[in-house]
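Engineer: Note that the protein sequences, when read in sequence, are chains C and B. Quick note on numbering: our numbering labels position 284 of the first sequence as 284, and the sequence is numbered without any gaps. Quick note on numbering: our numbering labels position 73 of the second sequence as 1073, and the sequence is numbered without any gaps.
Possibly wrong hints are sitting among the right ones.
Ranges of calculated distance between the beta carbons of each label pair, as one might list FRET restraints [unchecked claim]: (1) 1111/B / 348/C: 30 to 38 Å; (2) 231/C / 1008/B: 45 to 53 Å; (3) 14/C / 1200/B: 55 to 63 Å.
Once the Cα atoms are required to be at most 35 Å apart in a straight line, the calculated DSBU-like pairs of lysine-lysine come out as [what the hints assert, rightly or not]: (4) 1074/B / 165/C; (5) 1045/B / 210/C; (6) 1135/B / 146/C; (7) 1102/B / 94/C; (8) 94/C / 1023/B; (9) 1045/B / 104/C; (10) 1222/B / 140/C; (11) 1135/B / 100/C; (12) 158/C / 1045/B; (13) 353/C / 1102/B; (14) 1045/B / 204/C; (15) 1045/B / 94/C; (16) 94/C / 1277/B; (17) 100/C / 1045/B; (18) 140/C / 1074/B; (19) 165/C / 1102/B; (20) 1191/B / 266/C; (21) 1222/B / 94/C; (22) 1191/B / 106/C; (23) 1277/B / 204/C; (24) 274/C / 1023/B; (25) 1222/B / 165/C; (26) 1191/B / 100/C; (27) 1191/B / 243/C; (28) 1277/B / 165/C; (29) 146/C / 1191/B; (30) 106/C / 1135/B; (31) 210/C / 1023/B; (32) 1102/B / 1045/B; (33) 243/C / 203/C; (34) 165/C / 1135/B; (35) 317/C / 304/C; (36) 1191/B / 158/C; (37) 106/C / 1045/B; (38) 1277/B / 104/C.
Think of the hints as simulated: they come from the structure by calculation, not from any bench. For each residue, glycine too, the CB sits at the ideal point set by N, CA and C.
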Amino acid sequence: MPAIIVENLYKQYQLGQVSTGTVAHDFNRWLHKIRGKEDPYEKITGENSREEKGNSKYVWAIEDINFEARQGEVLGIIGRNGAGKSTLLKILSKVTAPTKGEIKIKGRIASLLEVGTGFHPELTGRENIFLNGAILGMTKAEIRSKFDEIVAFSGVEKYIDTPVKRYSSGMYVRLAFAVAAHLEPEILIVDEVLAVGDAEFQKKCLGKMKDVSSQGRTVLFVSHNMAAVKSLCNRGILMERGKVVFAGSADETVEHYMRINAQNLKQKVTFETKEVAVGNENIKLKSVAVVPESPFITEEISIKISFWNASESKVVKVAIDFIDLNEDVVFGSGFDFHTDENGVCSGTCIIPKDLLNDGVYSLNIYFNSPELRPLWNVANIINFEVEDKERNSAYFGKINGAVRPKLNWTV
Amino acid sequence: MSKDENWSEIIRPKRHWLDLNLKELWRYRDLIMLFVRRDFVSVYKQTVLGPLWLFIQPLFTTITFYFVFSRIAKIPTDNVDPILFYLSGITLWNYFSDCFSKTSNTFVANAGIFGKVYFPRLATPISIVISNLIKLGIQILLFIAIALYRVYFHGAQININETILLLPVLILLMAIMGLGLGIIFSALTTKYRDLSFLLTFGIQLLMYATPIIYPLSFTSGKLHQILSYNPITPIIENFRYAFFGIGYLDIPGLIYTTVFSLVVLILGVIIFNRVEKNFMDTV
Chain C
1 MPAIIVENLY
11 KQYQLGQVST
21 GTVAHDFNRW
31 LHKIRGKEDP
41 YEKITGENSR
51 EEKGNSKYVW
61 AIEDINFEAR
71 QGEVLGIIGR
81 NGAGKSTLLK
91 ILSKVTAPTK
101 GEIKIKGRIA
111 SLLEVGTGFH
121 PELTGRENIF
131 LNGAILGMTK
141 AEIRSKFDEI
151 VAFSGVEKYI
161 DTPVKRYSSG
171 MYVRLAFAVA
181 AHLEPEILIV
191 DEVLAVGDAE
201 FQKKCLGKMK
211 DVSSQGRTVL
221 FVSHNMAAVK
231 SLCNRGILME
241 RGKVVFAGSA
251 DETVEHYMRI
261 NAQNLKQKVT
271 FETKEVAVGN
281 ENIKLKSVAV
291 VPESPFITEE
301 ISIKISFWNA
311 SESKVVKVAI
321 DFIDLNEDVV
331 FGSGFDFHTD
341 ENGVCSGTCI
351 IPKDLLNDGV
361 YSLNIYFNSP
371 ELRPLWNVAN
381 IINFEVEDKE
391 RNSAYFGKIN
401 GAVRPKLNWT
411 V
Chain B
1001 MSKDENWSEI
1011 IRPKRHWLDL
1021 NLKELWRYRD
1031 LIMLFVRRDF
1041 VSVYKQTVLG
1051 PLWLFIQPLF
1061 TTITFYFVFS
1071 RIAKIPTDNV
1081 DPILFYLSGI
1091 TLWNYFSDCF
1101 SKTSNTFVAN
1111 AGIFGKVYFP
1121 RLATPISIVI
1131 SNLIKLGIQI
1141 LLFIAIALYR
1151 VYFHGAQINI
1161 NETILLLPVL
1171 ILLMAIMGLG
1181 LGIIFSALTT
1191 KYRDLSFLLT
1201 FGIQLLMYAT
1211 PIIYPLSFTS
1221 GKLHQILSYN
1231 PITPIIENFR
1241 YAFFGIGYLD
1251 IPGLIYTTVF
1261 SLVVLILGVI
1271 IFNRVEKNFM
1281 DTV
């Protein structure tokens, strides 16, 4: 039985400065409207893409979205930043209205886009529980009946009559979450933004999600954390440029997402002949490739390199730097390559499993003579994403660190 | 249509013009009262004088007006004790102007909450009107206290008649007008921020176009006519008639004000209702 049906949903946004030069647009729109004509600006469509800078002043943030969420299931909505997830959430939580289409909802809907909305720093914990509860749609009587439970859950009993501005940030978030956790909606919308707190908080958060769904209620979980989606969701939909491009089981959706993601990365470069290859008079690149294309943390990763060597020396020292998204060099490694009878050098660098953290890495390659004279170098020649597979703990945030080696522990 | 009955809610692009959903607003009445409480409690926390500020502001304004307009400019007050004359005007005017100016930036001031959670947006301006009503009540008590003081110790003349029973109606009219105008402007300021500057200035000017510091009888000719088009004029004048016995009971004026207020409120609610669905995109 569906709890939510989204039908032909569109949302248009206006780009650029909204408040200047739009009186003319507004007026034009209004003129068309009173003459019963179609809105002149709705026809202009631009895809929701951050790479292309279109000329259109209006873009569709989401376009023709259709899906349904069945009662009692946890539906994961995944996609890259800018895919339209947040817009969809905003429409579902009635913060903004769609441009076209409709959403049918069965039951009370509560969205946790943020906890502690409307908390007033000058008010005490007690006063804020009532205020925040009411903002989230509870009546005073409902809050009163759950008040003790909320306080106990938050663990701030001692400070309940202290203004929340004196709270530590942890206490503040716990109290805020305690209110939200006692909402008991039929449909719960959770934004991954929630998953940024500390591990204990995440545990509570995700535990609450599981509770909710096990009680036959519906959860929409928005994330680009694949590990969390895989272990929490039954089904998933994948959004890309404002459209739903895939819907299926959580595992399938995650796989699809990774495939699409992989397409946007450049895991492989090959040149058929020396003439078209990049390089210089010493070195001409033949190919660089990462195998597998989108490795999991738990897999061995091979970097295959081959090039034509026209330098004086038969031996070329090859070094690779692994650069993360912060432009930091995670580590570098090098080896001596020998030229074969065709003038080609080939070699493979193997990164052991459980070493790189999840994330996107790009490669810089340096070619040097045995005397360490630079022959050629190339930056950002390929890039690839290491994916997190699954976790045993309840923590689904990114684990700190540039690398994530599996270490031996004794207890 | 029968299939639709199963759905508890349908989110659509635009509501019908007059689909005001007052039932939903009623469901959120607790929230309105909690907002009122928040506004009241939070304003005076960490102030030394606390709610005493409610008294200080009108008293000091009155004293200033007394020196500037009564002693220096020698503008008559229709034989009414000037202190009471100004204080009555200021007390009433402040209610209207606070309702108007504080509701006029509803969307801009609450963008943070509005962007994260849905509740009927009208709850916010309504709570402002109510919390100002409490403030007005306290200031009316101050006015009564000062009036008693002036009567016993300075021989000021007051002449309360049965028209005073209209006071709740006068206050309600100001609330409706302030709310209506405020939400019209709040809807407009989401797009055109300049309006909020214009508004601060405009409300100030409007005070001088209302018989606050002078009685309506002081004016004549064309000016008098223009002032009687000001819908707040009958409220102030009728209050002064009821309390001091000056002027006359202006029933046509009150009817005019009532019609004006209701039109403004209905227009305001309709505009507000249109804007609340999409304002997050422009704010």
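Engineer: Next step is simple, just say for each hint if it's right about the structure.
Structural biologist: These are the hints, each one checked on the structure:
For residue 1111/B and residue 348/C, the Cβ-Cβ distance of about 55 Å falls outside the hinted range of 30 to 38 Å, so the restraint is violated. Hint check: residue 231/C to residue 1008/B, Cβ distance near 30 Å, so the stated range 45 to 53 Å is violated. Roughly 28 Å separates the CB atoms of residue 14/C and residue 1200/B, a value that falls outside the hinted 55 to 63 Å. As the CA atoms of residue 1074/B and residue 165/C are separated by approximately 51 Å, the hinted pair breaks the 35 Å bound.
Between residue 1045/B and residue 210/C the alpha-carbon distance is near 41 Å, which puts this suggested pair outside the 35 Å criterion. Using a Cα cut-off of 35 Å, the hinted pair residue 1135/B and residue 146/C holds, with the two alpha carbons roughly 32 Å apart. A distance of roughly 25 Å separates the Cα atoms of residue 1102/B and residue 94/C; the hinted pair therefore holds under the 35 Å criterion. A threshold of 35 Å between alpha carbons decides the hint, and for residue 94/C with residue 1023/B the separation of about 17 Å falls inside it, so the pair holds.
A C-alpha spacing of about 44 Å is found between residue 1045/B and residue 104/C, which places the hinted pair above 35 Å, so the restraint is violated. For a cut-off of 35 Å, the pair hint linking residue 1222/B to residue 140/C is broken: about 54 Å separates their Cα positions. A C-alpha spacing of about 44 Å is found between residue 1135/B and residue 100/C, which places the hinted pair above 35 Å, so the restraint is violated. Proximity of residue 158/C to residue 1045/B is assessed by CA-CA distance (about 21 Å); at most 35 Å being required, the pair is judged to hold.
About 61 Å separates the Cα atoms of residue 353/C and residue 1102/B, which puts this hinted pair outside 35 Å; it is violated. Straight-line distance between C-alpha atoms of residue 1045/B and residue 204/C comes to about 33 Å, which keeps the hinted pair within the 35 Å bound. This hinted pair checks out: residue 1045/B and residue 94/C have alpha carbons roughly 33 Å apart, not beyond 35 Å. With a C-alpha separation of about 8 Å, the suggested pairing of residue 94/C with residue 1277/B holds against the 35 Å cut-off.
Using a Cα cut-off of 35 Å, the hinted pair residue 100/C and residue 1045/B is violated, with the two alpha carbons roughly 46 Å apart. For a cut-off of 35 Å, the pair hint linking residue 140/C to residue 1074/B is broken: about 54 Å separates their Cα positions. Annotation: proposed proximity of residue 165/C to residue 1102/B holds, straight-line Cα distance about 25 Å (limit 35 Å). Using a Cα cut-off of 35 Å, the hinted pair residue 1191/B and residue 266/C is violated, with the two alpha carbons roughly 43 Å apart.
Only pairs whose Cα atoms come within 35 Å are accepted, and residue 1222/B paired with residue 94/C is rejected, the gap being roughly 51 Å. Between the alpha carbons of residue 1191/B and residue 106/C the distance comes to roughly 34 Å, so the proposed pair stays at or under 35 Å and holds. Restraint check for residue 1277/B and residue 204/C: satisfied, since their Cα atoms lie roughly 33 Å apart, inside the 35 Å limit. At most 35 Å may separate the alpha-carbon atoms for a hinted pair to count; residue 274/C and residue 1023/B exceed this at roughly 76 Å.
Of the supplied pair hints, the one linking residue 1222/B and residue 165/C is violated, its CA atoms being roughly 56 Å apart against a limit of 35 Å. As the CA atoms of residue 1191/B and residue 100/C are separated by approximately 22 Å, the hinted pair is consistent with the 35 Å bound. The straight-line distance between the Cα atoms of residue 1191/B and residue 243/C is roughly 29 Å, inside the 35 Å bound, and the hint therefore holds. A threshold of 35 Å between alpha carbons decides the hint, and for residue 1277/B with residue 165/C the separation of about 32 Å falls inside it, so the pair holds.
In summary, the hint linking residue 146/C to residue 1191/B is not supported, as the alpha carbons are separated by about 41 Å, beyond the 35 Å threshold. Note on residue 106/C and residue 1135/B: the hinted pairing is violated, with a Cα-Cα distance of about 42 Å set against a maximum of 35 Å. Taking the CA atoms of residue 210/C and residue 1023/B, the gap is about 33 Å. The hint holds against a cut of 35 Å. Of the pairs offered as hints, the one joining residue 1102/B and residue 1045/B holds, with about 20 Å between alpha carbons and a cut-off of 35 Å not exceeded.
Distance hint between residue 243/C and residue 203/C is fulfilled; the C-alpha atoms sit about 31 Å from each other, no more than 35 Å. Distance restraint check for residue 165/C and residue 1135/B: the Cα-Cα separation of roughly 26 Å lies within the 35 Å cut-off, and the hinted pair is therefore satisfied. Between the alpha carbons of residue 317/C and residue 304/C the distance comes to roughly 15 Å, so the proposed pair stays at or under 35 Å and holds. Proximity of residue 1191/B to residue 158/C is assessed by CA-CA distance (about 45 Å); at most 35 Å being required, the pair is judged violated.
Between the alpha carbons of residue 106/C and residue 1045/B the distance comes to roughly 42 Å, so the proposed pair goes past 35 Å and is violated. Distance restraint check for residue 1277/B and residue 104/C: the Cα-Cα separation of roughly 17 Å lies within the 35 Å cut-off, and the hinted pair is therefore satisfied.
Hints 1, 2, 3, 4, 5, 9, 10, 11, 13, 17, 18, 20, 21, 24, 25, 29, 30, 36, 37 from the list above are not met by this structure, while the remaining hints are.
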